[in-house]
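Can you make the complete structure from the sequences, with help from the hints?
Chains as they are written, first to last, in full-length UniProt numbering: chain Y, 1 to 247; chain B, 1 to 667.
It is worth saying that the hints were derived from the structure and are not from the lab. Keep in mind that this is a model prediction, so the values were computed, not measured. Nothing false has been slipped in among the hints.
Cross-link-like lysine-lysine pairs, in silico, DSBU-like; alpha carbons within 30 Å at most:
1) B/357 with Y/2
2) Y/90 with B/312
3) B/518 with Y/11
4) B/571 with Y/16
5) Y/47 with Y/2
Short, incomplete list of chain B residues facing chain Y, as computed with Cβ under 8 Å:
6) 67
7) 127
8) 141
9) 280
Distance windows between CB atoms, simulated:
10) B/522 with Y/150: 50 to 60 Å
11) B/620 with Y/149: 45 to 55 Å
12) Y/228 with B/380: 20 to 30 Å
13) B/415 with Y/94: 12 to 22 Å
14) B/490 with Y/136: 13 to 23 Å
15) Y/149 with B/389: 25 to 35 Å
16) B/372 with Y/150: 21 to 31 Å
17) B/499 with Y/80: 51 to 61 Å
Just so it is clear, CB atoms sit at the ideal spot from N, CA and C, and this is done for glycine as well.
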Amino acid sequence: MKLTLKIWRQKNAAAKGAIQTYQLGGVDPDMSFLEMLDVLNEDLVGKGEEPVVFDHDCREGICGSCSLQINGEPHGPDRAITTCQLHMRKFNDGDTIVIEPFRAKAFPVIKDLVVDRSSFERIQQAGGYISVNTSGNTQDANSIPIPKEDADLAFFAATCIGCGACVAACKNASAMLFTSAKVSQMALLPQGKVEATKRVLAMVEQMDAEGFGNCTNTGACETECPKEISLENIARMNREYLKASIK
Amino acid sequence: MGKLDSKIPKGPLADKWTKHKNEINLVNPANKRNIDVIMVGTGLAGGSAAATLAELGYNVKTFCYQDSPRRAHSIAAQGGINAAKNYQGDGDSNYRLFYDTIKGGDYRSREANVYRLAEVSANIIDQCVAQGVPFAREYGGLLDNRSFGGVLVSRTFYAKGQTGQQLLLGAYSAMNRQINRGKIQSYTRHEMLDLVIVDGKARGIIARNLVTGEIERHSAHAVVIASGGYGNVFFLSTNAMGSNVTASWKIHKKGAFFANPCFTQIHPTCIPVSGEHQSKLTLMSESLRNDGRIWVPKKLEDAKAIREGRLKPTELKEEDRDYYLERRYPAFGNLVPRDVASRAAKERCDAGFGVNKTGEAVYLDFGSAFMRYGREAANTQHIENASEEQIKKLGQEVVEAKYGNLFQMYEKIVDQNPYETPMMIYPAVHYTMGGIWVDYNLETTIPGCFATGEANFSDHGANRLGASALMQGLADGYFVLPYTIGDYLSKDIRTGKISTDSPEFEEAENAVRAQLEKFVNNNGTKSVDHFHKRLGKIMWDKVGMSRNEVHLKEAISEIKALRQEFWQDVKVPGGTNEMNTELEKASRVADFLELGELFAKDALHRNESCGGHFREEYQTEEGEALRDDENFMYVAAWEYTGEPGDAVLHKEDLIYENIEVKQRSYK
Ligand SMILES: Cc1cc2nc3c(=O)[nH]c(=O)nc-3n(C[C@H](O)[C@H](O)[C@H](O)COP(=O)(O)OP(=O)(O)OC[C@H]3O[C@@H](n4cnc5c(N)ncnc54)[C@H](O)[C@@H]3O)c2cc1C
Ligand code: SF4
Ligand code: FES
Numbered sequence: 001m002k003l004t005l006k007i008w009r010q011k012n013a014a015a016k017g018a019i020q021t022y023q024l025g026g027v028d029p030d031m032s033f034l035e036m037l038d039v040l041n042e043d044l045v046g047k048g049e050e051p052v053v054f055d056h057d058c059r060e061g062i063c064g065s066c067s068l069q070i071n072g073e074p075h076g077p078d079r080a081i082t083t084c085q086l087h088m089r090k091f092n093d094g095d096t097i098v099i100e101p102f103r104a105k106a107f108p109v110i111k112d113l114v115v116d117r118s119s120f121e122r123i124q125q126a127g128g129y130i131s132v133n134t135s136g137n138t139q140d141a142n143s144i145p146i147p148k149e150d151a152d153l154a155f156f157a158a159t160c161i162g163c164g165a166c167v168a169a170c171k172n173a174s175a176m177l178f179t180s181a182k183v184s185q186m187a188l189l190p191q192g193k194v195e196a197t198k199r200v201l202a203m204v205e206q207m208d209a210e211g212f213g214n215c216t217n218t219g220a221c222e223t224e225c226p227k228e229i230s231l232e233n234i235a236r237m238n239r240e241y242l243k244a245s246i247k
Numbered sequence: 001m002g003k004l005d006s007k008i009p010k011g012p013l014a015d016k017w018t019k020h021k022n023e024i025n026l027v028n029p030a031n032k033r034n035i036d037v038i039m040v041g042t043g044l045a046g047g048s049a050a051a052t053l054a055e056l057g058y059n060v061k062t063f064c065y066q067d068s069p070r071r072a073h074s075i076a077a078q079g080g081i082n083a084a085k086n087y088q089g090d091g092d093s094n095y096r097l098f099y100d101t102i103k104g105g106d107y108r109s110r111e112a113n114v115y116r117l118a119e120v121s122a123n124i125i126d127q128c129v130a131q132g133v134p135f136a137r138e139y140g141g142l143l144d145n146r147s148f149g150g151v152l153v154s155r156t157f158y159a160k161g162q163t164g165q166q167l168l169l170g171a172y173s174a175m176n177r178q179i180n181r182g183k184i185q186s187y188t189r190h191e192m193l194d195l196v197i198v199d200g201k202a203r204g205i206i207a208r209n210l211v212t213g214e215i216e217r218h219s220a221h222a223v224v225i226a227s228g229g230y231g232n233v234f235f236l237s238t239n240a241m242g243s244n245v246t247a248s249w250k251i252h253k254k255g256a257f258f259a260n261p262c263f264t265q266i267h268p269t270c271i272p273v274s275g276e277h278q279s280k281l282t283l284m285s286e287s288l289r290n291d292g293r294i295w296v297p298k299k300l301e302d303a304k305a306i307r308e309g310r311l312k313p314t315e316l317k318e319e320d321r322d323y324y325l326e327r328r329y330p331a332f333g334n335l336v337p338r339d340v341a342s343r344a345a346k347e348r349c350d351a352g353f354g355v356n357k358t359g360e361a362v363y364l365d366f367g368s369a370f371m372r373y374g375r376e377a378a379n380t381q382h383i384e385n386a387s388e389e390q391i392k393k394l395g396q397e398v399v400e401a402k403y404g405n406l407f408q409m410y411e412k413i414v415d416q417n418p419y420e421t422p423m424m425i426y427p428a429v430h431y432t433m434g435g436i437w438v439d440y441n442l443e444t445t446i447p448g449c450f451a452t453g454e455a456n457f458s459d460h461g462a463n464r465l466g467a468s469a470l471m472q473g474l475a476d477g478y479f480v481l482p483y484t485i486g487d488y489l490s491k492d493i494r495t496g497k498i499s500t501d502s503p504e505f506e507e508a509e510n511a512v513r514a515q516l517e518k519f520v521n522n523n524g525t526k527s528v529d530h531f532h533k534r535l536g537k538i539m540w541d542k543v544g545m546s547r548n549e550v551h552l553k554e555a556i557s558e559i560k561a562l563r564q565e566f567w568q569d570v571k572v573p574g575g576t577n578e579m580n581t582e583l584e585k586a587s588r589v590a591d592f593l594e595l596g597e598l599f600a601k602d603a604l605h606r607n608e609s610c611g612g613h614f615r616e617e618y619q620t621e622e623g624e625a626l627r628d629d630e631n632f633m634y635v636a637a638w639e640y641t642g643e644p645g646d647a648v649l650h651k652e653d654l655i656y657e658n659i660e661v662k663q664r665s666y667k
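Structural data, given as structure tokens:
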């Protein structure tokens, strides 16, 4: 396949960025999207130019590193997958593909396609945990039976990979889906109950402090989420928040 | 140095750890506040250790090269974590977990360490559940288990095919709690590039801020390396792209012995290589072998027809299929350990029975599982006279609930629906059992420098059974290191803050700077990946799944030559004072090019076959691995003396007092 790639290049956070156009041949439909970029970079390095920088690590859809806006959509055209799982067979010979970083005020660009998502870290550090000592003096695991339905729901919320696509997809750059997934996981488990009030207040407060926008229920986040995190989590978080606020 | 002291406590096996803990020097809580610990790596091993050390009161600085600790490679682990809970009542016990692990490791691991691992394993599950890790549960609300290769009990806890993710998020949340309390300072997008030794003790590291390019000095009273495995020396592996050997190799060059570098696990159930462009290989969890049956055609002409697309696997009659694992190993069948399953697949493919275009794939077939589960479901749902189609569909739903995300992953990559046509799998490099030599306290041969998780060598011997790496990472991090490091630190309570202004820090920083400058000013012509791929090819062809003397000798000289060429001709665009991913890769590949040689040297000296190390010269008439316990029942710990090829061998004899050393048989 032959492709025209229009890629956002930006030297660093302070520099102004711009779209640059590259022609790339020899793309195999079996390549993943990131392997296609590897081929481009191999070309660029061969010419002594700086390769296009993008975040990636596991390349199997689980670490949440990769974060490209492809033709205007986070993680590209396919549903329920990350960029590293997207394969070139989803594109046609001769296509023009626009590749940009995730855009949001709370995700400043570091270089080219890499953005700073440490705002997500701080939301979790604000209270996204269960306060238990790591001392090994915990009670036997089976002494806390959990209905399978609840455990499954908690698991589905916990599968969020923290990629930020929900923020990038949202016209308000809201982090509600991400934060609500974290809040939900613990709200659904008996272990998390005692601190539920403190947790939801602290996390929502931090989310606002980081400069994420408000949620206006447009649902773009759910559509673009590679792990199909459900909007129900946002509803659950809103309930938890309301409960906590009137306490 | 020169002598290896494993510091294994005296006394009966089952009492060693308790006794040791009772005798370890403790640090008074008030003094812990004055002690700093550096943790390189925030995977399961580093993350859990950092959280626990911080909770105990130490000041912890963590480092990882990803933008978040939660993205460490541990996140990718799929299948599960072992623990001797005996919840299923199928006869499990600490002793049995210990026994399986020692046997699985082909009697090349330390009894005392493995027993301790088995002993604390049950605690890990309790800890994780208390932290909110959503393990799979049964309808009664209790935890569910499954079984993995090499064992006959169900002791594996799991969270669908995302166990590593859930466990890591647990450790990460424990870290976050300590970050919030100000006890952990988390340095993300930072790479450790050297260890600083002052007065013979590890006292800090040199790290590069990967965003700004700044070189930083960090001091501490002790340094822990939890930087994971080095399987990426093969270029293609199931490891994350950034996994590397740099932290381990740098401490090796400063005096830490490197143990059993050639012990590499080749995982039998990976998606086969599809072309030259491939950047990494994807694992299909071993848990699939619980339900999938592995086969190739019985007749060469059928295999050929399948490769050429003239015959579909589903068209091949039952009697024309060779379920070779069930045939060769009737007791364990499809659940034989990984080294056995991998070699058996290679053997069939080498004999011409491979089923994909390149002839390097076998089938993992769920056809009979669909029908078995389907019939069960039809019965429980009281569906009478269900048609074959209906049964199959019901069965597929059961399989989907168990392994749905793996099936989906397969379809995305291969573009074939594994519910309709059997999966194709082939072995790939997965895990490195070798690593930094540590004693019972997890301390390396450099005082004050510790190593945990996949970065150390200690618990798995020549082969690792499934679901045991996660167990080791968390055992080391939550329950072992936090105690044993106290013994060392108890002597440091009066030391005070360690200055970073010393000549030792200066020298280490200058060396790091010089190497980075060399890369960007090198004006070569070839990319870093070019060299990495060539190294990987030498490693796979000559130091891979099976090895022989001639090839190993060739590999050693080829790697030497490649290393020279690398330093002359590598091209690294961009500068050092900025984010520069090519520069990051260059440093890592430079270290792989040295490790690769030691790896081959280790494989060459070990004149026996055991676990993941198969030397073609040493096999039984039936083609099984032939161990030489008389001459090789030891840990090979290599001391760096200037060039990887000149490394000096030290032997730690392995003494089995509690287990009868036997030929490993899964027949
Ligand atoms: C696909 C896959 C599936 C697996 N499935 C299972 C399973 O089901 N069960 C099981 O038991 N095991 C499994 N394993 C093995 C297991 O996941 C790993 O062995 C284990 O997670 C390693 O953990 P770790 O903490 O030692 O290292 P890692 O998780 O690799 O962490 C390494 C850390 O070190 C950091 N680091 C590395 N170098 C540097 C440096 N120079 N400077 C700063 N930081 C550095 C990294 O940023 C990272 O934080 C699987 C492995 C793979 C690849
Ligand atoms: S909710 Fe979905 S899109 Fe948002 S961070 Fe989590 S996985 Fe990514
Ligand atoms: S690289 Fe890990 S999710 Fe894409």
